[in-house]
Amino acid sequence: MNDTLEIKREAQLRETARRLLEDGTVGYIIGWGTTRFEDKTAPLFAAKPEEADRLVWNEYCINSLAKYSLDDKYPEKKIGICVRGCDSRAVNRLVNDKQIERENLFLIGMPCSGKENSVCEGCSHKNPVVYDILIGEPVEENTEEKASAERFREIEEFEKMSPDERYEFWAKQYDKCIRCYACRNICPACSCKECYADQYMVGWQGKQNNRAESQVYGLTRAYHVGDRCIECGECERVCPMGLPIMRQTKKMLKDINDLFGNYECGVESERAPVLGEYDLTDRDEFM
Amino acid sequence: MSVEKNWEPKIIAFTCNWCTYTGADLAGLNRMKYPENVHLVRVPCSSRVNPQFILRAFQKGCDGVMVCGCHPGDCHYATGNYFTRRRFMLMKRLLEYNGIDPQRFQARWISGSEAAKFRDTMTQVTAQIRELGPNSKFQEKWYQEGGPENE
Numbered sequence: 001m002n003d004t005l006e007i008k009r010e011a012q013l014r015e016t017a018r019r020l021l022e023d024g025t026v027g028y029i030i031g032w033g034t035t036r037f038e039d040k041t042a043p044l045f046a047a048k049p050e051e052a053d054r055l056v057w058n059e060y061c062i063n064s065l066a067k068y069s070l071d072d073k074y075p076e077k078k079i080g081i082c083v084r085g086c087d088s089r090a091v092n093r094l095v096n097d098k099q100i101e102r103e104n105l106f107l108i109g110m111p112c113s114g115k116e117n118s119v120c121e122g123c124s125h126k127n128p129v130v131y132d133i134l135i136g137e138p139v140e141e142n143t144e145e146k147a148s149a150e151r152f153r154e155i156e157e158f159e160k161m162s163p164d165e166r167y168e169f170w171a172k173q174y175d176k177c178i179r180c181y182a183c184r185n186i187c188p189a190c191s192c193k194e195c196y197a198d199q200y201m202v203g204w205q206g207k208q209n210n211r212a213e214s215q216v217y218g219l220t221r222a223y224h225v226g227d228r229c230i231e232c233g234e235c236e237r238v239c240p241m242g243l244p245i246m247r248q249t250k251k252m253l254k255d256i257n258d259l260f261g262n263y264e265c266g267v268e269s270e271r272a273p274v275l276g277e278y279d280l281t282d283r284d285e286f287m
Numbered sequence: 001m002s003v004e005k006n007w008e009p010k011i012i013a014f015t016c017n018w019c020t021y022t023g024a025d026l027a028g029l030n031r032m033k034y035p036e037n038v039h040l041v042r043v044p045c046s047s048r049v050n051p052q053f054i055l056r057a058f059q060k061g062c063d064g065v066m067v068c069g070c071h072p073g074d075c076h077y078a079t080g081n082y083f084t085r086r087r088f089m090l091m092k093r094l095l096e097y098n099g100i101d102p103q104r105f106q107a108r109w110i111s112g113s114e115a116a117k118f119r120d121t122m123t124q125v126t127a128q129i130r131e132l133g134p135n136s137k138f139q140e141k142w143y144q145e146g147g148p149e150n151e
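Residue numbers (UniProt numbering), protein chains in the order written: chain A, 1 to 287; chain B, 1 to 151.
Treat the hints as calculated values from the structure; they're not laboratory data.
Treat the hints with care, as some may be off.
To be verified - Looking from chain A toward chain B, a few residues come up when the C-beta cut is under 8 Å (computed):
1. Glu159
2. Pro163
3. Asp164
4. Tyr167
5. Trp170
6. Gln215
7. Leu219
8. Tyr223
9. Met252
10. Asp255
11. Tyr278
12. Asp282
13. Asp284
14. Phe286
15. Met287
Using N, Cα and C, we set each Cβ at its ideal position, and we do this for glycine too.
Full structure from sequences and hints, please.
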């Protein structure tokens, strides 16, 4: 990471944030702030101009911020959000899902050259795809070859295992799951007000914490978000038990790419999810 | 898992009211015999079938699950089975990815006049599942009884 450039970007971010708060363009700005730990940042809500200096920008800014806008659906003034590439796709996701209005948001684009996060390696969109103001110059994107090679590499390797091995792998993973639903709470594609997993009627989601119920939860979650996943990797990051959750959703994305053509969610501002539409010329394998 | 004595495969088939269920009805009218292991669940349309039903069926002890509907283009609701097609193409692959045998979950198009196809499909699928043996994957009961230690 080019440090001087990033420090300059941080100063620019603070200056822009102060200006936006002073002239009342935005009601508050969601960004990243310091914590007690040097190598951690936490989401920061800056509502006053003098708070703008508490915003930070470094390689530890890994929290996804877009979903916080869901808690304030009818804001008095615009909500300012710092968006990296993945956050901007999350914004697109939420706008596509009719969860938030684009007009209610003021997006501060932060070109991001990768954070201390394993998903950043094969990132295909380092620069925000949608923004109102861009801080500094855009950074160089990964080459298409690198991004596409990295994207499904793990999945392809996993598919080479035998069915029983695969089952064993996932069964062991779901044994660990404590069903805290952190993966659901952080996911920009999981925006239902009432999640099926919170229902108490019989037949939705069993509340026993055992392997069978966790498997049903895991697969259902993967299927629910599979065609809308923006590959930000937040689910894996927040999982306290370290389950490789992205491998399920990425498998869905890989199949969608194989079956229905190139598909990347959240890149275009208007696109129906794959499972919400159909094509007469789809492959028919259920004769 | 040791195969219990007189084990019979349990197969659940979600059948669309307008085509496959009518086809099954026609098979009955024509006195065609199909294996009694197949239990039909009538649904208004094959797109009514939530992929979660499949997971739940495996969890509650089914050895095989089928989804049957009208041929694409013949849906009573015009477009329902186009959604089914996309949905279950992905679901099938996701299940396989998680280690379920591809033959345990199948989808078929059977129209209201295809009584013989209905009989043949059900006979064939039952034979396949019988060969595979009881399903222990995703099963609740199997875990409650001790899981892998049973083997």
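Hints versus structure:
no.: 1; hint: Glu159; verdict: 7 Å, holds
no.: 2; hint: Pro163; verdict: 5 Å, holds
no.: 3; hint: Asp164; verdict: 6 Å, holds
no.: 4; hint: Tyr167; verdict: 3 Å, holds
no.: 5; hint: Trp170; verdict: 5 Å, holds
no.: 6; hint: Gln215; verdict: 6 Å, holds
no.: 7; hint: Leu219; verdict: 6 Å, holds
no.: 8; hint: Tyr223; verdict: 5 Å, holds
no.: 9; hint: Met252; verdict: 6 Å, holds
no.: 10; hint: Asp255; verdict: 5 Å, holds
no.: 11; hint: Tyr278; verdict: 4 Å, holds
no.: 12; hint: Asp282; verdict: 6 Å, holds
no.: 13; hint: Asp284; verdict: 6 Å, holds
no.: 14; hint: Phe286; verdict: 4 Å, holds
no.: 15; hint: Met287; verdict: 7 Å, holds
Going through the hint list in order, the structure satisfies each hint without exception.
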